[in-house]
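Chains A and B, in that order, give the protein sequences.
Using our numbering, the letters of the first sequence map in sequence onto residues 1 to 77.
Using our numbering, the letters of the second sequence map in sequence onto residues 1 to 77.
Think of the hints as simulated: they come from the structure by calculation, not from any bench.
The beta-carbon is built from N, C-alpha and C at its ideal position, and this holds for glycine as well.
Mixed in with the good hints there might be a few duds.
If you only want the chain A side, here are some residues facing chain B, beta carbon under 7 Å, derived [said to hold, decoys possible]:
1) Glu33
2) Gly36
3) Gly40
Covered stretches of chain A (in silico footprint by chain B; criterion: 3 or more residues with CB under 8 Å from a CB of chain B, positions within the stretch not fixed) [to be verified]:
4) 42–53
5) 63–74
Number of protein chains: 2
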Amino acid sequence: MPLVRVVVTLKPSLLDSAGRTVSDSLVKLGFDEVEGVRIGKVIELHVTQADPSRLQAMCDKLLANPVIEDYQIEVVD
Amino acid sequence: MPLVRVVVTLKPSLLDSAGRTVSDSLVKLGFDEVEGVRIGKVIELHVTQADPSRLQAMCDKLLANPVIEDYQIEVVD
């Protein structure tokens, strides 16, 4: 059964306040090599068939908000 | 500047109720090829240097909860 991974991230022009907080926390913990952090979602779908156009429709209708988010679809196996 | 992607997912033995809800919703929308969904986080770190042992320490101390979550670290470029 194919496994599909969808990675949903905020568009780069939008402020990611959770990512900013994580970045500040890492620097406070001593990880001063960290320059910036962005946080997104990863959605792993087990599907009986991985049809690219239907996967894109799932993203546009439910998995992502195309106004503020970008997404990448990768068929893992 | 290296970009590091950390993917954090719930351990497979734990119930992912958000994933279950998304799976049910996709089936209701007509995407009946969906058999199961798991949702996790993706954390993109811009770092001045990607030291594997320090990246693992970041995950163990802040980015993931090793009791309930697994993580994968990949250096993108």
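Quick rundown of the hints versus the structure:
{"no.": "1", "hint": "Glu33", "in the structure": "holds (5 Å)"}
{"no.": "2", "hint": "Gly36", "in the structure": "holds (4 Å)"}
{"no.": "3", "hint": "Gly40", "in the structure": "holds (5 Å)"}
{"no.": "4", "hint": "42–53", "in the structure": "holds (count 9)"}
{"no.": "5", "hint": "63–74", "in the structure": "violated (count 1)"}
Hint compliance for this structure: hint 5 alone is broken.
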